[in-house]
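Going line by line, the protein sequences match chains L and C. The numbering used here puts the first residue of the first sequence at 1, with every later residue one more than the last. The numbering used here puts the first residue of the second sequence at 1, with every later residue one more than the last.
Treat the hints with care, as some may be off.
Stated by the list, open to error - Ranges of calculated distance between the beta carbons of each label pair, as one might list FRET restraints:
#, chain 1, residue 1, chain 2, residue 2, range
1, L, THR330, C, ASP22, 40 to 50 angstroms
2, C, SER34, L, VAL291, 32 to 42 angstroms
3, C, HIS41, L, VAL291, 24 to 34 angstroms
4, C, LYS3, L, GLU54, 32 to 42 angstroms
5, L, ARG319, C, LEU50, 27 to 37 angstroms
What the hints assert, rightly or not - 16 angstroms max Cα-Cα, derived EDC-like pairs, lysine to aspartate or glutamate:
#, chain 1, residue 1, chain 2, residue 2
6, C, LYS91, L, ASP329
7, C, LYS30, L, ASP4
8, C, LYS85, L, ASP321
9, L, LYS248, L, ASP83
10, C, LYS30, L, GLU350
11, L, LYS372, C, GLU40
12, C, LYS26, C, GLU40
13, C, LYS93, L, ASP321
14, C, LYS80, L, ASP234
15, L, LYS372, C, GLU44
16, C, LYS19, L, GLU94
17, C, LYS80, L, ASP83
18, C, LYS93, L, GLU337
19, L, LYS253, L, ASP83
20, L, LYS456, L, ASP321
21, C, LYS26, L, ASP4
22, C, LYS19, L, ASP413
23, L, LYS380, C, ASP46
24, C, LYS60, L, ASP239
25, C, LYS93, L, ASP329
26, C, LYS91, L, ASP321
27, L, LYS380, C, GLU44
28, L, LYS17, L, GLU32
29, L, LYS58, L, ASP4
30, C, LYS85, L, ASP329
31, C, LYS30, L, ASP413
Simulated from the structure, these hints should not be mistaken for lab results. All residues carry an ideal CB built from backbone N, CA and C; glycine is no exception.
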Amino acid sequence: MNWDSIEKIAHDVSSGKVTAESLVERSLGAIEETKEYNAILAVSKIRALERAREVDQKVKNGENIGKLAGVPFIAKDNFLTFDTTTTASSHMLENFHAPYQATAIERLEAAGAIMVAKSNLDSFAHGSSTENSAFGPTLNPLDKSKVPGGSSGGSAAAVALKIAPFALGTDTGGSIRLPASFCGVVGYKPTYGLVSRYGVVAMASSTDVIGPITTSVEDAAVVLDVMSGKDQFDGTTIDRDLEIYDGKPFSLKGKKIGLVKEYLSSGIDEGVKKVVLDTVEKIKAQGAEIVEVSIPSISLSLACYYVLVPAEVSSNLSRYDGQRYGLSDTTAKNLDESFEKSRAAGFEAENKRRIMIGTYVLSSGYYDAYYKKAQIVRTKLINEFNTVFEKVDYLIGPTAPMTAFEIGKNVDDQLQMYLADIMTVSANLVGIPSISIPAGNANSMPVGLQLMAPQKSDRNLLALAAAIEKEIE
Amino acid sequence: MSKISEQDIRKLASLSKLKLSDEEVKLYQKELTSIVTYIEHLSEADVNGLAPTSQVTGLKNVTRADALIDYGVSPSDLLKNAPAKKDNQFKVKRMIA
Chain L
1 MNWDSIEKIA HDVSSGKVTA ESLVERSLGA IEETKEYNAI LAVSKIRALE RAREVDQKVK
61 NGENIGKLAG VPFIAKDNFL TFDTTTTASS HMLENFHAPY QATAIERLEA AGAIMVAKSN
121 LDSFAHGSST ENSAFGPTLN PLDKSKVPGG SSGGSAAAVA LKIAPFALGT DTGGSIRLPA
181 SFCGVVGYKP TYGLVSRYGV VAMASSTDVI GPITTSVEDA AVVLDVMSGK DQFDGTTIDR
241 DLEIYDGKPF SLKGKKIGLV KEYLSSGIDE GVKKVVLDTV EKIKAQGAEI VEVSIPSISL
301 SLACYYVLVP AEVSSNLSRY DGQRYGLSDT TAKNLDESFE KSRAAGFEAE NKRRIMIGTY
361 VLSSGYYDAY YKKAQIVRTK LINEFNTVFE KVDYLIGPTA PMTAFEIGKN VDDQLQMYLA
421 DIMTVSANLV GIPSISIPAG NANSMPVGLQ LMAPQKSDRN LLALAAAIEK EIE
Chain C
1 MSKISEQDIR KLASLSKLKL SDEEVKLYQK ELTSIVTYIE HLSEADVNGL APTSQVTGLK
61 NVTRADALID YGVSPSDLLK NAPAKKDNQF KVKRMIA
């Protein structure tokens, strides 16, 4: 059974038509029924039910709850939360209990939402398939032999499995949009800095964002609206629009949308290409002006990403030293050995790869050739996006060059795995908002359509995506 | 092609504070060589006159008042996850072997 829209659920809870407790029970039941997919790592049963009863009591007392009254949700297991462990799908944090909650979680709870469970991810969000989890892969809800995408694979699968109306993900290079594309749901990556990352396990601080995974654009907008805005605990947060998206009708007529040439050239699955081009025709039929645009540095974006992100990863993951929290080796004879053995046991292979690549590109002698060069290529990429945005207001293309692939297919070939992100990393490097919405099927699996817009135009991007979503239906 | 040697891997592992087995050293030597070969595409880029980017939204010098902030977390909360503690402090192994 599908969930109602988030707005309707909150309205029904606030008016006493439905109890928050029954919604949490429904969510908990769905978790039990879908265990074989391994989308969920930990359940916050006691606290979720307590909070639901509190919400219901407040409704009885005639109190105003908020925009998300009684709405159950799932958080990726790299958000710090009370009541459950926060593992980042790693042995390093397998038994870690957060002493405080992420700002995003606090804001959602303040609006009445209820977190019921934590979802699986690639360990420390390093991956594109959720196969790098220390606790086993998540299976794609539409075909159990395939991956759900990653790294927020558990969150996307949970929404596709109807465990909750929305889930939170993090997106450093596509980790919200790629699994949304592979699981046939909506994934939103906001403008860099729009949502506080305080209390979220850091991966690459210059590109990390957090955002919602939902079944509709409208739901994504409602959740984003609650989470957005400055936070004194995250110095990178920016001012927000007063309203993220007001649901007002938005006409596609006359909208200038750039079809990114580089995303449709080599290496793309023909079925994916067809779905995207068919959708473009539907948008054109509504009067939108589609212009082919070129962003040549996109061909270098993945190489740029795989220098800058491992560099930041190697720095951010240095805090996991086995001394203050996390896995700690007890056999070490001295502190240095304790660091080395704790980190060796606590990290997965992909974590170690990225830490070492990061250390390599930052080391003296290689810094200029790799790290600094990548930072300059990033400038070039930003300039090219800015130039294109002088001609068009939005960009359109596929979210990924392929549909969900078989579990195990790419685990021994990192470069092949990294290529899944080739169409998503640019939005992170440039800091612009981007959304993946389901546009059809190829190879019997969902295809995601990716839309992008200039920084801080989240409101317009969501309005455009909602209008296109209607045409696809 | 083999740009990264096993010795390089051992050095990177040491700098990264990661204890690797001999099998891991061999595996990462192969994998990191192919990844580094891929990222070398960056050398093809013509970037004449461009400056590096480290921050994308243009924020500069974000400051706050020099005052105590209550994060709502006590020292004992923070020590709850400590593998070893003594007298309300983290306890670590000896630093000099």
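The hints, checked one at a time:
For the pair L/THR330 and C/ASP22, the beta carbons lie near 24 angstroms from each other, so the given range of 40 to 50 angstroms is not met. Hint check: C/SER34 to L/VAL291, Cβ distance near 37 angstroms, so the stated range 32 to 42 angstroms holds. Taking the beta carbon of each, C/HIS41 and L/VAL291 are about 28 angstroms apart, inside 24 to 34 angstroms as hinted. With their beta carbons about 59 angstroms apart, C/LYS3 and L/GLU54 fall outside the hinted range of 32 to 42 angstroms.
In this structure, L/ARG319 and C/LEU50 meet the distance hint of 27 to 37 angstroms, their C-beta atoms being roughly 32 angstroms apart. At roughly 13 angstroms between alpha-carbon atoms, C/LYS91 and L/ASP329 fall within 16 angstroms of each other, so this suggested pair holds. This hinted pair does not check out: C/LYS30 and L/ASP4 have alpha carbons roughly 50 angstroms apart, beyond 16 angstroms. With a C-alpha separation of about 15 angstroms, the suggested pairing of C/LYS85 with L/ASP321 holds against the 16 angstroms cut-off.
For a cut-off of 16 angstroms, the pair hint linking L/LYS248 to L/ASP83 is broken: about 39 angstroms separates their Cα positions. Proximity of C/LYS30 to L/GLU350 is assessed by CA-CA distance (about 14 angstroms); at most 16 angstroms being required, the pair is judged to hold. Proposed proximity of L/LYS372 and C/GLU40 is supported: the alpha carbons are some 13 angstroms apart, at most 16 angstroms. A distance of roughly 21 angstroms separates the Cα atoms of C/LYS26 and C/GLU40; the hinted pair therefore is violated under the 16 angstroms criterion.
Between the alpha carbons of C/LYS93 and L/ASP321 the distance comes to roughly 12 angstroms, so the proposed pair stays at or under 16 angstroms and holds. The straight-line distance between the Cα atoms of C/LYS80 and L/ASP234 is roughly 24 angstroms, outside the 16 angstroms bound, and the hint therefore fails. Our distance criterion of 16 angstroms between C-alpha atoms is met by L/LYS372 and C/GLU44, whose separation comes to about 14 angstroms. A hinted pair counts as satisfied when its Cα atoms are at most 16 angstroms apart, and C/LYS19 with L/GLU94 does not qualify at roughly 20 angstroms.
For the proposed pair C/LYS80 and L/ASP83, the alpha carbon gap of about 14 angstroms is at most 16 angstroms, so the pair holds. Restraint check for C/LYS93 and L/GLU337: the C-alpha separation of about 9 angstroms stays at or below 16 angstroms, so the hint holds. Of the supplied pair hints, the one linking L/LYS253 and L/ASP83 is violated, its CA atoms being roughly 49 angstroms apart against a limit of 16 angstroms. Between L/LYS456 and L/ASP321 the alpha-carbon distance is near 37 angstroms, which puts this suggested pair outside the 16 angstroms criterion.
Under the criterion of a C-alpha separation no larger than 16 angstroms, the hint pairing C/LYS26 with L/ASP4 is inconsistent with the structure, at around 53 angstroms. Proximity of C/LYS19 to L/ASP413 is assessed by CA-CA distance (about 23 angstroms); at most 16 angstroms being required, the pair is judged violated. The hinted pair formed by L/LYS380 and C/ASP46 meets the criterion: a straight-line CA distance of about 9 angstroms does not exceed 16 angstroms. Straight-line distance between C-alpha atoms of C/LYS60 and L/ASP239 comes to about 14 angstroms, which keeps the hinted pair within the 16 angstroms bound.
Distance hint between C/LYS93 and L/ASP329 is fulfilled; the C-alpha atoms sit about 10 angstroms from each other, no more than 16 angstroms. Among the hinted pairs, C/LYS91 with L/ASP321 is consistent with the structure: their alpha-carbon atoms are about 13 angstroms apart, no more than 16 angstroms. With a CA separation close to 13 angstroms, the supplied pair L/LYS380 and C/GLU44 stays within the 16 angstroms bound. Under the criterion of a C-alpha separation no larger than 16 angstroms, the hint pairing L/LYS17 with L/GLU32 is inconsistent with the structure, at around 26 angstroms.
As the CA atoms of L/LYS58 and L/ASP4 are separated by approximately 22 angstroms, the hinted pair breaks the 16 angstroms bound. For the hint linking C/LYS85 to L/ASP329, the alpha-carbon distance of about 15 angstroms falls within 16 angstroms, and the restraint holds. A hinted pair counts as satisfied when its Cα atoms are at most 16 angstroms apart, and C/LYS30 with L/ASP413 qualifies at roughly 11 angstroms.
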